[in-house]
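Protein sequences appear in the order of chains Z, D, S and A.
If you're matching positions, the first sequence starts at 1 in full-length UniProt numbering and goes up one per residue.
If you're matching positions, the second sequence starts at 1 in full-length UniProt numbering and goes up one per residue.
If you're matching positions, the third sequence starts at 1 in full-length UniProt numbering and goes up one per residue.
If you're matching positions, the fourth sequence starts at 1 in full-length UniProt numbering and goes up one per residue.
These are calculated hints, taken from the structure and not from any lab test.
Identical copies go unnamed one by one, so any copy, or any two together, can satisfy a pair.
Under the rule of at most 20 Å between Cα atoms (straight-line distance), these lysine to any residue pairs were calculated in the SDA-like manner: (1) K206 / R223; (2) K292 / L151; (3) K217 / N202; (4) K292 / N130.
Here the structure is a predicted model, which is why all the values come from computation and not from measurement.
4 protein chains.
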Amino acid sequence: MYNDWGGGHVMARPKLAFLNDLVQAITGNERRGKRAPITEEAAARNALSRPASERLAAACDVLMGRIGDAARVAVAEQALAAYAQLTKPERHDFFVMLRDRFNSSPEAIRTAFAAYDADPSARTLVPLFNAVEPPRQTLLRRLNTAPGATLKLVHMRADLLKAIADDPELAPLDSDFGHLFASWFNRGFLTIQRIDWSTPANVLEKIMGYETVHPMKGWQDLRRRLDPADRRFYAFFHPATGDEPLIFVEVALMRDTPAEIAPILNAPALDLAEEADTAVFYSINNTLAGLKGVSFGNFLIKQVVAELAAELPSLTTYVTLSPAPGFAGWLSGVKEPEAVKLAEELDQGAWLMDAAEAERLKPQVEALAARYFTEARSKSGAPRDPVARFHLGNGAAAWRVNWPGDRSDGAVKRAHGLMINYLYEPAAIEAQHEAFVRDGTIATGAPLAAILSR
Amino acid sequence: MYNDWGGGHVMARPKLAFLNDLVQAITGNERRGKRAPITEEAAARNALSRPASERLAAACDVLMGRIGDAARVAVAEQALAAYAQLTKPERHDFFVMLRDRFNSSPEAIRTAFAAYDADPSARTLVPLFNAVEPPRQTLLRRLNTAPGATLKLVHMRADLLKAIADDPELAPLDSDFGHLFASWFNRGFLTIQRIDWSTPANVLEKIMGYETVHPMKGWQDLRRRLDPADRRFYAFFHPATGDEPLIFVEVALMRDTPAEIAPILNAPALDLAEEADTAVFYSINNTLAGLKGVSFGNFLIKQVVAELAAELPSLTTYVTLSPAPGFAGWLSGVKEPEAVKLAEELDQGAWLMDAAEAERLKPQVEALAARYFTEARSKSGAPRDPVARFHLGNGAAAWRVNWPGDRSDGAVKRAHGLMINYLYEPAAIEAQHEAFVRDGTIATGAPLAAILSR
Amino acid sequence: MYNDWGGGHVMARPKLAFLNDLVQAITGNERRGKRAPITEEAAARNALSRPASERLAAACDVLMGRIGDAARVAVAEQALAAYAQLTKPERHDFFVMLRDRFNSSPEAIRTAFAAYDADPSARTLVPLFNAVEPPRQTLLRRLNTAPGATLKLVHMRADLLKAIADDPELAPLDSDFGHLFASWFNRGFLTIQRIDWSTPANVLEKIMGYETVHPMKGWQDLRRRLDPADRRFYAFFHPATGDEPLIFVEVALMRDTPAEIAPILNAPALDLAEEADTAVFYSINNTLAGLKGVSFGNFLIKQVVAELAAELPSLTTYVTLSPAPGFAGWLSGVKEPEAVKLAEELDQGAWLMDAAEAERLKPQVEALAARYFTEARSKSGAPRDPVARFHLGNGAAAWRVNWPGDRSDGAVKRAHGLMINYLYEPAAIEAQHEAFVRDGTIATGAPLAAILSR
Amino acid sequence: MYNDWGGGHVMARPKLAFLNDLVQAITGNERRGKRAPITEEAAARNALSRPASERLAAACDVLMGRIGDAARVAVAEQALAAYAQLTKPERHDFFVMLRDRFNSSPEAIRTAFAAYDADPSARTLVPLFNAVEPPRQTLLRRLNTAPGATLKLVHMRADLLKAIADDPELAPLDSDFGHLFASWFNRGFLTIQRIDWSTPANVLEKIMGYETVHPMKGWQDLRRRLDPADRRFYAFFHPATGDEPLIFVEVALMRDTPAEIAPILNAPALDLAEEADTAVFYSINNTLAGLKGVSFGNFLIKQVVAELAAELPSLTTYVTLSPAPGFAGWLSGVKEPEAVKLAEELDQGAWLMDAAEAERLKPQVEALAARYFTEARSKSGAPRDPVARFHLGNGAAAWRVNWPGDRSDGAVKRAHGLMINYLYEPAAIEAQHEAFVRDGTIATGAPLAAILSR
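Pulled out of the complex, with its shape left as it was, chain Z reads as follows (with noise of 0.2 Å):
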């Protein structure tokens, strides 16, 4: 373990021989242009050929050791090649090589400890702080110079979430990713950005691939979404990241709040963005598994509403349609003889194809719907459906629900088809984030309160 990275730049030099052999190799060879062949040294050769997983443990040594700042670009972008190189196992391997070797340690920490609790203050506070704080933040930081590195650093901490779901031992690891990306990913550094149809290919092509609340089925369907006068889409990008979007939302410009999703799928519905009165978020999609934890969405649908709303001044209603991805489930749990009946012969799926059997449902299935959104919680005490907690969190009220809203494949089998409306109403959305996020309070719109009055 080492001792002291940040400050001092004192590090016992591991016994890897080839060390040296690989600066020289990776500094050398760029000396010479990228293209030129590497005939000076065989040192260096050889360091260059070694297995990813030793360039990679190697390449974090020098990154945290002796070098100067500016060697240390090409040094990163060695280390991560080499990691993008590795197998799963070897990937594990180094996850577990970043907490045991580039942890802090303990004496450090006890000592600084020892200080601040002699004298606790601002000042005292600074070098503990700094005993504390990982060295592989520091590592991290240093990989991060590299050109396109913050991509792959998101990447990275992807592969480090599915190594934890089978590993949970990594998972403090997880806190030195996500401190750092919340920084780096802070909403001042991000811009908003139009999606049409003049958008580069490469672009609509990965939001196509990112596209999950309502998969796209090409590039007709994709056209649909963004080309025609009433619609509109927006994604945020991050300087660092470039043509990646980092979240999306789809939005339809309607004459009235939509109570089933697939007429806007299908077709355009108004001729002039000038003509709607409402602005419908039917899809918000998060992009990067490795960006989990850094909310966007919340920024996102403030700034598109505020771009709708000085583009077209005719609209009044901020409202989505969403889907509820949690109700099947929850609906299979309650026991009340009604609701097992419902289930049963929700699963059925008469609903589907006979409007007569679906108007005869409509009543129960909105009634369990509404307890659904008001009642059924996670063991945390929050709502039980993730999108709602999203929305909710947000300040917005659960308005209205539709059934039956998305015949889906996958609507129907985590939803019964099940949607719903949240309102943004920006003169509540204050007031109803702080009684949420301080009582659990749930705002509720009329049509939903009418229901639950029945």
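With chain Z fixed as given, assemble chains D, S and A onto it according to the hints.
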């Protein structure tokens, strides 16, 4: 003092009665559009008419409290606007509040340390880290969500550095700024731009203001440094600080290593860049005092060398023509009789006009200059000359002393007109850097070595 | 007929009573902003409700009359909007009007000619030129002041070319369009753009629609032609027609001159562009029928050769893989018994499936193909094959015939699957061009010459 | 004289022995890359070392001859480079050659006219037009294929205009340039750009040089005209002339119609653009002498009014503050005794310093100014004042005379310090334009009318 900012969103609301009114005022104001008068609530009006220091304090509390993420943007904007109105004493009070009120909790630290101490591991480190990291870092991150906030926070740190000069007890705060800025201004987020005569005028104007090594006398002077075929000019920018250059370097393309600055500043030397074999870095300027300690210079030099090498294959030599700002001060402390006499003669200044006199003094100046660059050390053992510390730390060699190299008033006063070339030899940089960091070894070029062995 | 459009602004206003109303309607409407309803004057309303053909005729008169330059922009916009609403017969009538009403005045021509005839000089030529130039050229220039007008006028000429097919008496009009377009679409105004996977989707979609040489089957097919490392794709654009590609060329980077199109269309061949020594132009498409006769292709090829040479120094050969669209038609007219028999066998198509059969026919096809490219001429004496005319006219050589080169339906029908490589050898282009233009000499490459000498 | 440039590509090659060598030199040189020395052929070397006038003449012949389109680009480039080296007398000779050698053929014209005269129709007009259009127009279009050629041809015409001043026999050439430029610089191809403090410095520098109405004293003066919140600055650009502004207008946003220029030039008046109700166009400058007769000003004013109206709904009045450059000259020709006396008193200049004296003279100056703007005519019957011709021709009204309005030397000399406001009232522009064009009627505003009726 607050107990747990980060995790639980539980906060003992301060006794500032107008806090809720302020939030209402800010978010309500936003709701109605920026230009609309606030007529709804007298309380909101009152909140916004409170003194800036109170509004700032309240906004900080709101930011750390139960407010929604998206609403934070507006509150952060208000907080920074209020900060901009503070007087110097009010800024001091604000920094004190940052230090004391948004500090870590000793109890929380002791609890987390006890758990860690019993079982030191990556797992128990996480809560300790969370307890130790001061809440003000979170506050600064939240302030940074406002549009344009990053530059304002950089200026805030510049204010802090001045405040620390008067009140060293504020110093611990600087670690928090420094820590965050190191993340935000990571090399990976910077972009290099060539500055030339088609650069926007507002950027050029900033650059004129920031040039302090060889100050510019106006637009024509500026133009001479970036427009001729034998000049290059590069700057680093950061996406979040937009038009603001963070550091810039001025380059003259020449046929030899120059010994004097005046010819470079006065006129172009070559008609075609392709005729040059030497790239001379003759002025490097950091711009923002608030970015102290965030190192850009070494990255910039490395990147510029890469850009120039790609554009101009004829270049073989990369060298600086640098000032020696500590020479006069050092010389005045050398007590040997010849040195004292030389200092006197230099102060009299006859050499400025009289070439023969300059010729006579030259060997003595060179000998002392050679000692200055190779022997003079600060208390910490580093080279006494700050420019030397930078270039030697980058792995450059002290190549040749030049006297008289700069007859401008400032250079005469600070360095008796002495200049020096540092040589950036790609093949040697890493070894020289390491020797310098490890042993303090100063690499010297042949001309300097010749003087030393006289 | 009008007497003097250009100079004196004196015009016998036509008896269209609503003309002034129209101007009022247009400029008044503009004054009030586009969305405002026209309520001021019933007359103005009436004017705008007249049939499109009347509005167009009136707007043309206004454009040629005493209206202010700036007001013309709005009138031109109305004229083009009215044109877009015309039916096919109305378009015919409009073209007749352009021809007859906006024609030069015989009296004015005779007068100017008399003066010129008496004293032929540059001085007397000026008024003659002014009398001879048809007023419709001025009208077209004035229509072109409207935003987006240039593309609309190009489409108008495409309509005209169709109308001429039905009514050859309209042909003189085409000279006027052709004359203006040659000026507007001057090479100096065109910009080359590389098309790749980051090109806006709307541009890519246009390109898919315009590709007729080797039609694309969708986005994945398109992507295979521009995204792999061994592909390049370039188009010319004009500032006034924005996103509209005017011509584009598809390039495969290879290690040899290809003989067959299918492998090129199906998959990339090289992992790195740097491995290629041959750039193959395998598809060149003009896009806008209305730009007939405005030559872009030669400029584009020249420019693309320059771009590729700068990017990839390893390239040594620039060659096409081109269709032979006139081969089947020509062969069907060759009356020699072997040719007749060959044509029959080719029509039967056994060679398409049976490699041995193809092998058997190959020498005969090659022999006739060689004759086709070197002997077959149109009535004007030019090569009969239109693609040959283009490349030979550019100074390329007919290098090698390839059979079977293209088994697609269209190529089998038009050319019995024959393809040909034209070689662009920079050192020979000018001489070959001149020999071709002067004497009709067709440059042939060694492979083709070998067949001819069999 | 050439017989048929355009159609048949048949040309009597001139007796310039080095013509082929020149083509070889140019295209060969291009082939080898620009920096490669020409070593292949002594003949080619010789060709390029001939005097510029010979090279230009030869290149023109090549351009009109049998050379390939693509090769023309390089020849056109050489021709323009050779032109740039001509002395003034050589330029004169070149223009004579353009006029005489690249003139239409009288025989061809007579033949085409005979056919037309026998049957005047659109059909017979086409060959007549082709015979009449001078080959030099084709030559200029071919020169325009070179990169950057358009601006060079504009400068060539500026040279021609100077040459015509010495030799009026060159005047017919100017029609050809004018005719082409009207097509090339069509309104539809221009783009408007707002000029502000973030505009590239090279564009700003050009603008400083081109401002002649109220010359700028340097960068700070420039900045005062475009950076403050109450200023706007717009220019037209053309894609083919890049960074070169073609015309620009300076606007001050005010709360009233100004009577004096100095306050506008000295300092901003309003803190916020939104406070203004009046947009004052106080300086309009055409930039390129070679674009004489190509009208931009009216389009620019119209477009700027549209831009301002969209940005600032508070604006109600669009007005100029304009010089009266012909007033002093006109007044000196008025022989009435009071006018003679007034002119003398104005020349003495006491009014410049003595407010009472100015007050005393004011009514007399106003009375004569009102006559000047409403009665003074040039020989052609148009208003004598050139600025008046421009604005009245655009449909503006002469609104108010202002004296003293401009105390600068130039304004005192040319106009005894008189200025005038022209009012652009959208509702009246078309009618005023037509009345002005038809009858020469000058629209006057109430203040001017009041003076006239005194």
